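Trainee: When we follow the numbering used here, the leftmost residue of the sequence shown carries the number 26, and every step to the right adds one.
Hints are computed from structural coordinates only; laboratory data are not their basis.
Source: prediction; values computed, not measured.
Hints are not guaranteed to be accurate.
[As the list claims (entries may be wrong)] Quick list of simulated restraints, FRET-style, between CB atoms:
1. Q187 <-> S96: 39 to 45 Å
2. G40 <-> S96: 22 to 28 Å
3. G178 <-> W224: 25 to 31 Å
For glycine and all other residues, C-beta sits at the position ideal for the given N, C-alpha and C.
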Amino acid sequence: FLQGLTASGGTNISGAMDEALDVPSPGDRLPLVLLLTDGAPTVGERNADAIAERTAARRGRARVFTIGLGSDVNSTLVERLALQAQGTPYFITPSENVERTVAALGSRLTNPVLTDVTVSAQGVRLSDILPSDGQDLYAGQELVLLARWEGDGERDAEIRIQGMGANGPVSWRTRVTLPARSRDHAFVGRLWATRRVGWLSAERRL
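Based on the provided sequences and hints, a complete structural model is requested.
Mentor: In structure tokens form, the structure reads like this:
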């Protein structure tokens, strides 16, 4: 099969996504798509916005992970395809080891822990949660969400994490005390602000 292939130099990202998303998946399985590309779209649909919108409309439950190889990729498209499909974008420079990155990603994807993870709170109101959509959690991966909480003075709250595991719904709860004012973890505010700026920049591009 490989000997029968001919390299014509074209990069058909839209066609590749259509082929991958057309593969049927049983209802109890989580469809995963891994896109590797070393260039910008030159064959088929070439408009990056149209490719992203078509993929978002057709993906269903599928998660899309992308790997951009080299310096000629459309980084905005590679990033958008993954983030809008609850996946993660990766970029590999010409001097980096491709095999190491792909192997690490493959090992993670074979061990999903929770899908559609949501975080809620009782006792305080959370706002500006980033990432805002339901996340997936894989073995060896941290779940990091940044949010603002509203209220006056020190507050006791209950944080609840919910998701879907291999055997059904999963829920964890923990009690926390949110201080009225603290300088102990000043970096958290900067992390939230940086993520918020990134989110706003992406929205502006769209």
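Trainee: Is 22 to 28 Å right for how far apart the beta carbons of G40 and S96 are?
Mentor: Holds, at about 23 Å.
Trainee: Range first: 25 to 31 Å. Now tell me if the beta carbons of G178 and W224 are that far apart.
Mentor: This hint holds: roughly 29 Å between Cβ atoms.
Trainee: Is 39 to 45 Å a correct range for the gap between the Cβ atoms of Q187 and S96?
Mentor: At roughly 41 Å between Cβ atoms, S96 and Q187 fall inside 39 to 45 Å, so the hint holds.
No hint from the list above goes unmet by this structure.
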